[in-house]
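Construct all of the structure, not just a fragment, from the sequences and the given hints.
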Amino acid sequence: GQQLNQSPQSMFIQEGEDVSMNCTSSSIFNTWLWYKQEPGEGPVLLIALYKAGELTSNGRLTAQFGITRKDSFLNISASIPSDVGIYFCAGQEDGGANSKLTFGKGITLSVRP
Amino acid sequence: NAGVTQTPKFQVLKTGQSMTLQCAQDMNHEYMSWYRQDPGMGLRLIHYSVGAGITDQGEVPNGYNVSRSTTEDFPLRLLSAAPSQTSVYFCASSYVGGGYGYTFGSGTRLTVV
Chain A
1 GQQLNQSPQS MFIQEGEDVS MNCTSSSIFN TWLWYKQEPG EGPVLLIALY
51 KAGELTSNGR LTAQFGITRK DSFLNISASI PSDVGIYFCA GQEDGGANSK
101 LTFGKGITLS VRP
Chain B
114 NAGVTQTPKF QVLKTGQSMT LQCAQDMNHE YMSWYRQDPG MGLRLIHYSV
164 GAGITDQGEV PNGYNVSRST TEDFPLRLLS AAPSQTSVYF CASSYVGGGY
214 GYTFGSGTRL TVV
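Chains as they are written, first to last, in the working numbering: chain A, 1 to 113; chain B, 114 to 226.
Since the hints were derived computationally from the structure, they do not count as laboratory data. Some hints could be false.
[What the hints assert, rightly or not] Going by beta-carbon spacing under 10 angstroms, a handful of chain A positions derived as facing chain B:
{"#": "1", "residue": "Gln-6"}
{"#": "2", "residue": "Gln-9"}
{"#": "3", "residue": "Thr-31"}
{"#": "4", "residue": "Leu-33"}
{"#": "5", "residue": "Gln-37"}
{"#": "6", "residue": "Glu-41"}
{"#": "7", "residue": "Gly-42"}
{"#": "8", "residue": "Pro-43"}
{"#": "9", "residue": "Val-44"}
{"#": "10", "residue": "Leu-45"}
{"#": "11", "residue": "Ala-48"}
{"#": "12", "residue": "Ala-90"}
{"#": "13", "residue": "Lys-100"}
{"#": "14", "residue": "Leu-101"}
{"#": "15", "residue": "Phe-103"}
{"#": "16", "residue": "Gly-106"}
[What the hints assert, rightly or not] Simulated restraints, written as ranges between beta carbons of each label pair:
{"#": "17", "chain 1": "A", "residue 1": "Ser-82", "chain 2": "B", "residue 2": "Phe-123", "range": "22 to 30 angstroms"}
{"#": "18", "chain 1": "B", "residue 1": "Gly-153", "chain 2": "A", "residue 2": "Glu-17", "range": "23 to 31 angstroms"}
{"#": "19", "chain 1": "A", "residue 1": "Glu-17", "chain 2": "B", "residue 2": "Ser-131", "range": "45 to 53 angstroms"}
[What the hints assert, rightly or not] To spell it out: a stretch of chain B is covered by chain A in this simulated footprint if at least three of its residues, at any positions, have a beta carbon under 8 angstroms from a beta carbon of chain A; those stretches are:
{"#": "20", "region": "149-163"}
{"#": "21", "region": "213-222"}
Remember, it's a predicted structure, so these values are computed and weren't measured experimentally. Just so you know, even glycine gets a beta-carbon here, dropped at the ideal spot from N, CA and C.
Right, dumping it as structure tokens:
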């Protein structure tokens, strides 16, 4: 089946630093999504991308839909302690009602004060 | 607007017992799905539904049953619990097949002893 690759599994940064994550696939996706999961909660949608090359921001978060449609990137600027959590990428092949999301395994982000 | 509600929050079962994890959404979403989350494995799709009366298997369906008699509810049944089913279970819903982003519940942490 399709797989989305996120690495490394964990990242440790200092408060105030920027951090970038990427997500790659061997398959083409027409929608890319980024989620954040905090401890004890379900994932929450951060950013959705629908067009190749699209760059979208949500506060300090910026995500891009790769030109090849096989990758996506998430950047967090000026990190703060509340940025800790697991960041998942997800992709959808097409917009049909029966089209499922494929999730990456997630990157656990730790922010040192 | 409650979103996606999962009950119970925590559950301990003995091997061989059966139980139902409840999921309800009040957003009139056609698409609902169940995932399990295990360390290092990310989110794996168990079953999904594109509308009342329609269900289909995901990546890891064995040992689980679902039904969708109403738009709002999508219960997950464990037929005979096994230690391998110890996991955190998430229900998610969406208007279409995920391209507009799933809304996740807060999860059920299940331990099978």
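The hints, checked one at a time:
| no. | hint | verdict |
| --- | --- | --- |
| 1 | Gln-6 | holds, 8 angstroms |
| 2 | Gln-9 | holds, 7 angstroms |
| 3 | Thr-31 | holds, 4 angstroms |
| 4 | Leu-33 | holds, 6 angstroms |
| 5 | Gln-37 | holds, 8 angstroms |
| 6 | Glu-41 | holds, 5 angstroms |
| 7 | Gly-42 | holds, 3 angstroms |
| 8 | Pro-43 | holds, 5 angstroms |
| 9 | Val-44 | holds, 7 angstroms |
| 10 | Leu-45 | holds, 4 angstroms |
| 11 | Ala-48 | holds, 5 angstroms |
| 12 | Ala-90 | holds, 7 angstroms |
| 13 | Lys-100 | holds, 6 angstroms |
| 14 | Leu-101 | holds, 4 angstroms |
| 15 | Phe-103 | holds, 4 angstroms |
| 16 | Gly-106 | holds, 5 angstroms |
| 17 | A:Ser-82 <-> B:Phe-123: 22 to 30 angstroms | holds, 25 angstroms |
| 18 | B:Gly-153 <-> A:Glu-17: 23 to 31 angstroms | holds, 25 angstroms |
| 19 | A:Glu-17 <-> B:Ser-131: 45 to 53 angstroms | holds, 49 angstroms |
| 20 | 149-163 | holds (count 7) |
| 21 | 213-222 | holds (count 8) |
Violated hints: none; the structure is consistent with every hint.
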